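Asks: Here's the letter readout for the chains.
4 protein chains.
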Amino acid sequence: MNFASDNIVGASRPVLDALVAANEGAEGAYGTDRATKAAIERLGALFERDCAIQLVATGTAANALALSALVPPYGAALCHVEAHVMEDECGAPEFFAGGMKLLGLPGAGGKIAPRTLADYLAALPRHEKQMPPRALTLSQATEYGLVYTPSEIAALCEVAHEAGLKVHMDGARFANALVSLNVTPAEMTWKLGIDVLTFGATKNGCLAAEAVIFFDPALAEAMPYLRKRSGHTLSKGRLLGAQLEGYLGNDHWLDNARHANAMAARLAEGVAALPGARLAVPREANEVFPVLPRETVERLRAAGAVFHPWSERSLPEGERIAPHEMLVRLVASFATTEAQIEAFLQAAKG
Amino acid sequence: MNFASDNIVGASRPVLDALVAANEGAEGAYGTDRATKAAIERLGALFERDCAIQLVATGTAANALALSALVPPYGAALCHVEAHVMEDECGAPEFFAGGMKLLGLPGAGGKIAPRTLADYLAALPRHEKQMPPRALTLSQATEYGLVYTPSEIAALCEVAHEAGLKVHMDGARFANALVSLNVTPAEMTWKLGIDVLTFGATKNGCLAAEAVIFFDPALAEAMPYLRKRSGHTLSKGRLLGAQLEGYLGNDHWLDNARHANAMAARLAEGVAALPGARLAVPREANEVFPVLPRETVERLRAAGAVFHPWSERSLPEGERIAPHEMLVRLVASFATTEAQIEAFLQAAKG
Amino acid sequence: MNFASDNIVGASRPVLDALVAANEGAEGAYGTDRATKAAIERLGALFERDCAIQLVATGTAANALALSALVPPYGAALCHVEAHVMEDECGAPEFFAGGMKLLGLPGAGGKIAPRTLADYLAALPRHEKQMPPRALTLSQATEYGLVYTPSEIAALCEVAHEAGLKVHMDGARFANALVSLNVTPAEMTWKLGIDVLTFGATKNGCLAAEAVIFFDPALAEAMPYLRKRSGHTLSKGRLLGAQLEGYLGNDHWLDNARHANAMAARLAEGVAALPGARLAVPREANEVFPVLPRETVERLRAAGAVFHPWSERSLPEGERIAPHEMLVRLVASFATTEAQIEAFLQAAKG
Amino acid sequence: MNFASDNIVGASRPVLDALVAANEGAEGAYGTDRATKAAIERLGALFERDCAIQLVATGTAANALALSALVPPYGAALCHVEAHVMEDECGAPEFFAGGMKLLGLPGAGGKIAPRTLADYLAALPRHEKQMPPRALTLSQATEYGLVYTPSEIAALCEVAHEAGLKVHMDGARFANALVSLNVTPAEMTWKLGIDVLTFGATKNGCLAAEAVIFFDPALAEAMPYLRKRSGHTLSKGRLLGAQLEGYLGNDHWLDNARHANAMAARLAEGVAALPGARLAVPREANEVFPVLPRETVERLRAAGAVFHPWSERSLPEGERIAPHEMLVRLVASFATTEAQIEAFLQAAKG
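Protein chains in written order, with this note's numbering: chain A, 131 to 480; chain B, 131 to 480; chain C, 131 to 480; chain D, 131 to 480.
Any given hint could be a false lead.
Which copy? The list can't say, so a pair holds if one copy fits it or any two copies do.
In silico SDA-like cross-links for lysine to any residue, where the CA-CA straight-line distance does not exceed 20 Å [claimed, not checked]:
#1 K479 to A435
#2 K259 to R443
#3 K479 to R429
#4 K479 to V436
#5 K259 to G234
#6 K321 to L349
#7 K167 to F345
#8 K259 to A134
#9 K259 to T162
#10 K259 to L233
#11 K479 to L404
#12 K259 to R459
#13 K259 to E217
#14 K321 to D180
#15 K321 to L173
#16 K259 to H438
Rather than coming from a laboratory, the hints here were simulated on the basis of the structure.
Only a predicted model underlies this, so the values are computations on that prediction, with no experimental measurement involved.
All chains, full assembly: derive it from the sequences and hints.
Replies: Here is the structure:
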């Protein structure tokens, strides 16, 4: 009954198999191996575009590298006030970009509204005393498990581009959002105006593999150097390439995401029906954010269930957590089973 | 016949097996998993000391993190003028330490002589206009495959410590040097004065796993933050822990290193006996640096042999490479076979 | 009728005279000159303590150097959400400290309440994923011209120190706050717990001179290097030392500040009495923040008056700026005259 | 008898007068004052070109800002191995450029030969593991007082540009070099290919004033932010503008430089004629580098003469300093008098 995160399990079987298969034989170092080349080619085909793609082992590295290619040391990036880059990466973007600042915008459920962005940019003083904004970064899905719709993304990109900002998408849960929207990778990214994507694979079936995808290769010229100097160029690059080969082959990644989302949907339905419980935000991808009576929380913990309390900072208007309640996060992954969910719900009921 | 490097092969079998075994089940994230804990415990036992240990995926990250914990942004680290940190990491130490400088010292075969270090430190101007040296970093084995002896290391540490410098060892080929000297890990490091070690495992049997080992935990207080902000804290930390479990178990790592060194010895003997060939420096670990007639080099390449030409900057006094000759590097690994060596020698003879 | 800021005038006469006098003769470079030594000695006496003191030419440099000595690259500093370091220094603290983050706290009139600080620190997650707070920086006077009382400062320092934070005071308007409180420099700083002070002199009579004062010299060990590498060590250091000699001699600085505050008081009284006008916050030092009818603002501008509109983000509870009104800032300096004030008030009346 | 440097004296009279004159009245802050505008206009006219110009208070800041606009954090700048940026600025270029590396080239008398540069660039490995060179910086005059001729500068710029490098000139002693060559400012800079100039004025008559001049304004787009975030944007900008107004008016700066050079010539002639003495390099600007018998050095010091010993690392071929000799540096400035020189020569003779 561990719903703490989608990073608590290992790799899914096809990913592991691909890794084992790629282990044999001599290969070029630093990403010149066959698995890496094949994975990059596959990603290009998937996104239907000539992209500049770099593989790295962590989402923090992917996000920070992407932002450091978009934002100068004296510039700023806009993000949701609770975005992972803002709250949970120990200043990686600031470090990689040599001192840049992240400016946090509010938004219910972790979503920035296009109007909020437009108003913020319009009110920003513009003088050499203020760090000029150069990028917007969106989390898809958000920190509250919501999925930006294509029209929301398009509107945000339009506002950003008009103000001279590039747009980065932090796709730590890219696959979960994608199958939720039922669109193609291109339709959720560059066709809407996204300039750079962190294509997350670790949470959805890999062990440690993310791709930084620049839809305009000209923006990526510095990337080989930026990756190397940050220690993220693996000498045995096949480790990353092979995982992605296993992940992308036979639409395995989409199957994984669909399963995780379905399990989350089942979980959402179940917890919403618990006595005194409700969902603080709708379940849209693979995360569920119920408000539970504290006694239910205690009962669950006593039964060995693992999950995290969650921030109440960005709840939808009108949602208030009472003193006897607690907002928690439950995450389903490709490995979540119906039995685990049933056990959790049983434990909640006591 | 690929002798280009020891990073051209994948993982050795026990490492891969450990990785597959550790893949199952739910585990804590960010290095709180059982495999990581076990690997760190094992390393502590191996070094017979209470250490602060962090696992990362690359040697560049390990070196840069270690140096950034020792050297302030306005300080300098001393290294051999051809050290990997100086020449091949695209400024990672400078980046991680916020602008520090590397100062390169000369030395035949990649070794810094204690006297060279002492003279350099004595001549250094000391004013706020000059970046104060705060660390010495030694490559074991060196860029020319030589192994610092315990007495050399002790002498260097003594000179460094007297001048207020900490000493880091870049052990990318730690195991190869260790079995060459036939000493214990402790006897090659902290017992001689080494303060921090990059314990390399990638080249000698892992896919991507290194440990940064602080023999004085007080020096490592910032390390969890430094690792996280550089994107080197894997969320599924078992990837690193499991590799090291497989690597260290049953002295597998020592077996690998002994095999690689033995293969290099065989190769050295063979190439030294080729017509017109000689070794530029003695073979001490798993690398061989022969001077070959250019026609031999061409013959080898025509036959499909892969290897790199090497720098002539730090050769022993008296060694001169003639215009019709070339200095090359040949690297043996845990996976090198006698058959590969025989094929190489045959191809060289034509 | 220029009330835009206190940096629009040159140096006051005694400061200029001291500069001219110190220009003669050969002197040691890089701050080893007699004027610099004398100024530093005078500051030590003024603060009744053995301090480590560095002179620089700008407040931005002073603040950023101070914070970079207190906060590691992976750490955070807490400040008011509208503090000068946060809003108006183009990321200088982030740059000097190698990527640190500033965390902004709310507070009416630019003041952080001790309770706000305590609650913020208590709620802060503590994990290697979050940048640990290491310093608190207070602006004295605040961005809304308010003056922290000694008991407020003491309470803030106590909360900060208990949480392991050092406390920096940005004293860009140190003198104006000091004479407003009628205490000694020591009584407004280290006796209350302040660890490091930016002693501002530029706005109150110098051309370009600030002192960074560490009350615990052990915290300042890196300062000579930090100052040099940031280009703030003047080779002809007498430029800074001489200004401070003229500034501090004969209590000239206190006279300047008393004059500026008195002029601001006169101005506050006058504008508060204008039809439809009120003060948004009390006048405590040398700045006045009136809410004026927009037609009054237009009338003033038409008459050539110069001043800035001001942020409405941190007004006291209950204060609302109506659409036909505007919040503006008026700053008096050592050079402000009664005639200028009368002309301004006349122009406002039309 | 203080020949330690040209930064041991204050400002020359016209510079001081201009400063005093500009002190009066209200002016725009942050460089929008009349004096700054006038100085920048004057510099543009002097260089016969539309330039982007920023004033700062120190040469270290000017050099570091210039290099940080040319070199990315992962890039390198080439300089003479004993250049001021390399040896005497405590890592300011590395800091400002976010971790860049300086690569030192050898050269007699502090001069890089075009052939040396070409060979160095040709031999440089080009891989993402190596920091790519992006700029060359030349010191005019050099650390040994030599002056690059126009044809040397043109040849160096050609080699650099062909390799994709921009060229910066560190003109800390720009005026002394200029009058030595008897060319115009344009003829010593952009007409030969120089892209960015540190126009030094501090040593030759100002107190603290340098200009960073970009001959291609497109390269300078980030400069206002870079200057502000490094704390080098003076709020009372007139301090810098006024000095340069006094410095440039009536060719005062050229008069100062001609005087300093003439005094150095007189000094060179005198010391070369001392028993057992010789010049290690020719006197070309305002510095003299004699090799003196150690007993002469002691006699001078006993008589109160002040000067520095100098590095022997980059002497012309064939020049050897014997154990009983010492290489020293003697610097003349605009304020040096014939009487001081005579006294020095008398003291040397004993």
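Asks: All hints are to be evaluated individually against the structure, with a verdict given for each.
Replies: Hint by hint, here is what the structure shows:
no. : hint         : verdict
1   : K479 to A435 : within (13 Å within a copy, 68 Å between copies)
2   : K259 to R443 : between (30 Å within a copy, 19 Å between copies)
3   : K479 to R429 : within (8 Å within a copy, 70 Å between copies)
4   : K479 to V436 : within (16 Å within a copy, 66 Å between copies)
5   : K259 to G234 : both (19 Å within a copy, 17 Å between copies)
6   : K321 to L349 : within (17 Å within a copy, 32 Å between copies)
7   : K167 to F345 : within (17 Å within a copy, 40 Å between copies)
8   : K259 to A134 : between (42 Å within a copy, 16 Å between copies)
9   : K259 to T162 : between (44 Å within a copy, 14 Å between copies)
10  : K259 to L233 : both (15 Å within a copy, 18 Å between copies)
11  : K479 to L404 : within (7 Å within a copy, 67 Å between copies)
12  : K259 to R459 : between (40 Å within a copy, 18 Å between copies)
13  : K259 to E217 : between (25 Å within a copy, 8 Å between copies)
14  : K321 to D180 : within (13 Å within a copy, 41 Å between copies)
15  : K321 to L173 : within (16 Å within a copy, 49 Å between copies)
16  : K259 to H438 : between (40 Å within a copy, 15 Å between copies)
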